[in-house]
Amino acid sequence: IMDVPSAEVKRVLKNRRFQAADDYKALASLDAVIVCVPTPLSEKKKPDMSFILDAAGRIVIPPQYEHALRFSEDLACVKWNGRYGYIDKTGAYAIVPKFERSDSFAEGFARIWVKGKEGYIDKAGNVVIPAIFDRAFDFSEGLACVEVMCKMGYVDRKGRPAIKPQYFMAYSFSDGLARVWLKGFWG
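Numbering follows my numbering, with no gaps: position 9 of the sequence shown is 9.
These are calculated hints, taken from the structure and not from any lab test.
Possibly wrong hints are sitting among the right ones.
Calculated cross-link-like contacts (lysine-lysine; reagent style BS3-like; alpha-carbon spacing at most 27 Å) [claimed, not checked]: (1) Lys183 / Lys115; (2) Lys151 / Lys183; (3) Lys25 / Lys79; (4) Lys98 / Lys123; (5) Lys151 / Lys115; (6) Lys151 / Lys117.
Generate the whole structure from the sequences, applying the supplied hints.
Now the structure itself:
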């Protein structure tokens with residue numbers, strides 16, 4: 001058990017306060033049972049409980065896609081017949097597969113690829129920021145890092161330049177700050 005110090009595990013095992021078992025017959029004599037399953041974390045490091053049903057043995061959405069990403073903002077990006085779209089948690093298409101490539105939602109926007117360029121759609125599947133960027137990253141704190149002609153900068157939720165492309169390398173904002181590389185130095 002990686003999250004609990006070994007000394008603590010030994011102590012509760014010795015006192016018979018904890019017993020690991022894989023035999024269902026042991027359940028008959030117990031007052032309480034704790035079932036431990038791995039719980040994936042969201043990008044914000046919070047438990048993503050949408051996968052618990054799979055861990056309990058129920059298949060919620062039958063495997064049928066060429067590729068699928070995790071659920072984010074109640075939608076999962078899936079690839080079907082060579083195109084990307086989005087399904088909801090029942091498996092119904094929320095946005096039919098029509099994109100060359102796409103990614104998970106962040107702050108209401110998902111990145112899409114059109115003819116090798118990147119842009120953004122909203123949760124209705126509308127292109128809200130055209131695919132004009134060489135590279136684009138998820139929105140964070142209202143801004144998205146984008147690359148244009150080998151320079152990185154930031155755009156707002158309308159696609160307007162918020163910080164002009166000038167950095168050799170840049171990352172998403174976190175706690176009001178973003179890490180950037182300019183003239184050979186990080187700041």
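Hints, verified against the model:
Only pairs whose Cα atoms come within 27 Å are accepted, and Lys183 paired with Lys115 is rejected, the gap being roughly 31 Å. As the CA atoms of Lys151 and Lys183 are separated by approximately 12 Å, the hinted pair is consistent with the 27 Å bound. Annotation: proposed proximity of Lys25 to Lys79 is violated, straight-line Cα distance about 43 Å (limit 27 Å). For the hint linking Lys98 to Lys123, the alpha-carbon distance of about 14 Å falls within 27 Å, and the restraint holds.
At roughly 20 Å between alpha-carbon atoms, Lys151 and Lys115 fall within 27 Å of each other, so this suggested pair holds. As the CA atoms of Lys151 and Lys117 are separated by approximately 15 Å, the hinted pair is consistent with the 27 Å bound.
Hint compliance for this structure: hints 1 and 3 are not met, and every other hint is.
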